[in-house]
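Participant: The primary structure of each chain is shown beneath.
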Amino acid sequence: MTLRAHMTTTEHDHAPPPSAPAPGSDAAGPPRTGGDGIGDHRGGDALAALRAAYAAGRLEAEYDTVRTLLARLPERQLAAAGQLLARLDRSLVRSRHPATPTLAVRITGQSTVGPLVAPLTAQLARHGILLAPVVSPYGSCLHDLLAPRAAAPDAPGLTLCLLDAHTVFEEVPSPWRVADVEAAVRSRLELLGRAVRTHQEGDGGPLVLNTVPLLRDHTHQLVDLRSRAALGAVWREFNTGLLALAQHHPGLVVIDLDPLIAQGIPAYEPRTAVYAKARLGDRLLAAYAREAGHLARARLGKTRKCLVLDLDGTLWGGVLGDDGPDGIEIGSGLRGEAYAEFQRTLKQLSSQGVLLAVSSKNDADNVLRALREHPAMPLREGDFIQINANWRPKHDNLRDIADSANLGLDGFVFVDDSSFERGLVQERLPEVAVVAVDEEPALHTPALLADGWFDVTDLTEEDRERTARYRTEAKRRELREDAPSYQEYLNGLDIEASLSPPTPSELTRVAQLTLRTNQFHLATERLRADDVQRLCARPGHRVLAVRARDRFGDHGLVGVVFLRRDGAVLRIDNYVLSCRVFSRGIESACLTAVLEHARATGARSVLARYLPSPRNAAFAGFYTDHGFASEGAGHADDDACFFRHGLHTLPPPPAHIRLHADFEQEHQP
Amino acid sequence: MNPNANTVSVADAAEFCALVTEELGVALTPQDLDRPLDDFPEWDSVYLLRLVTVVESVTGRRIPVADLIEAATFRQMHEAAVRA
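First to last, the sequence lines map onto chains A and B.
Counted from 1, the first sequence has number 1804 at position 621 by our numbering; the numbering is strictly sequential.
Counted from 1, the second sequence has number 178 at position 80 by our numbering; the numbering is strictly sequential.
No wet-lab data here; the hints were simulated from the structure.
The structure presented is a predicted model; accordingly, all values stated were derived computationally and were not measured.
One should not assume that every hint holds.
[As the list claims (entries may be wrong)] Below, a sample of chain B positions facing chain A; criterion: calculated Cβ distance under 8 Å:
1. Glu121
2. Leu126
3. Ser143
4. Ala169
5. Thr171
Don't be surprised by glycine CBs; every beta carbon is placed ideally from N, CA and C.
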């Protein structure tokens, strides 16, 4: 292969290959035949606006506009935007926009890893996160993993350790045989396994590795095809070993680069590899940064939860109002098959806890008839938590769905084939992620999946039940609307709750609650399952899970209380309750149980901590409402406020809840 | 072609400066062209290769990377890019 041949397929060509979808928010997804004129035009404007603000030194002050501008930017322009954003004065951004979350990320690897900074900066900025990168020198990944504390006394929010073919080949002699590679694979896997264990046991924080692409420049150094096949098998053994590590370490994620390369992204650029020792190509790093961005978002509790879909042109072809339920394209025919395939993808997402809803300009009866009676419709009425078919603007419908489901709009993703509707939602509700699909239904799935909007590190059984739970919630709403008073509604619910330490199998769900809950999360702290496990085992600490059920069904594990004994004081370090169940007295019942427990075990007072966040302000008065006295801040703790209860008069437990409290640790692993 | 800017050529020094400024985020004016690269502490081989990528996408011609690496000023880089 000549150098020239490489160049025609590698990085100087920014445009995506015709077969690959080009992900991006508004301009997301596949190449368009006609092009999205508005999106393209606004995309060009967006980059120009970013550059103008940067050149004028205003970009730090105007950082709150960056996210919206990036959402309009086509994928191919994100690299340029990243170069610029990476040069911003972070402390200035933070002082101007104190609510902007910052994530410290250590970037390390086997090669030069600096080129990841710009694309990662852009990807995190898309999610409203400011990247604080710590870039390790060339080839220091093993050192960083084996001595995490020496590398950074404060564990970073995330460590990205980039592996490449050199990880193996630096141990291979010249000339070489497959057996040499096999030996290098074994010894590298062993070493990496040990390094990961040391890093994780040393509390080095969440860690990300990646699989390593096998390069043609390696396979074709072997002239006999049998050896090439053997090399392929040995190489897969290395990647399988890396992927298997993630099964053993809850804090480790392994990003598989194969699916990214399969989209037509070159694994490397020979000159960058040779001259700069940067052995993963620019576009591959950009795709990796996109994956890492979603991981970072999940890590900060910003996982998207609800997918709102248009109908005509999105879920099926044709116009329901004109063509009637029998005339729309779904299930059979070429395009009908493609729409059905997209619906099956949605059903697959829904089975893992992604809530589906509809916002469509249609007649409601028509829509219900199509969803109930069409013989070949993969998605049915019961797959949606809410169907808003009406003629109101879509942003009003999204707000309505968010209100009913008690979710923040920043947890929403919206899909529509109309650039008008997308543009309006994006403008009115900038916190909603907007995915563009067009008239080619076969490209709907790649457009939706181009971004891992719903990525989580682990899935729990609760997730699989989520749609059913939200639908039960609709029945509760009916009861509430029929009840003469809210108290009578609560009495009629027949709520039963329990408060006790989590079982080992519940640790992931406890961690997930801390990751996903934003509103009733009184001292917001995101924990992983192994963090929770450590807290459970720490002397003086007590983690209590809240479970609840009522006459309509089981809510499952919906809350966590983090307690800590500090001499004669029982501290409530944090208190989390899922938005599904608040305002039913469960939070009060559990708090009263904690106070009773404190008194029964000889505590003189209970000291509760509240840490303001952008989303928990509604519960700033929770502790004072329950008889606690504010002690203000001043406990040498960031912005936290403290509230003390003297345990003289305890608040009465809500009469409509039967609570079983068991503070003992017998469920401990 | 370069998707991000209106630049279609780097023959002109001012256009070259605009390209470096826009694509790499390194503010460069024609007055800086003869300053030693040591005056740009952030400049490194990774930037240089990004510059190669961008210039190649604009000109459609391959840049002799080793010549650029050996350049001591942006002017020398520009000359190598134009020669290509």
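Participant: Each of the hints needs a verdict: does it hold here or not?
Facilitator: Structure-based check of all given hints:
no.	hint	verdict
1	Glu121	6 Å, holds
2	Leu126	12 Å, violated
3	Ser143	4 Å, holds
4	Ala169	13 Å, violated
5	Thr171	19 Å, violated
In summary, the numbered hints that this structure violates are 2, 4, 5.
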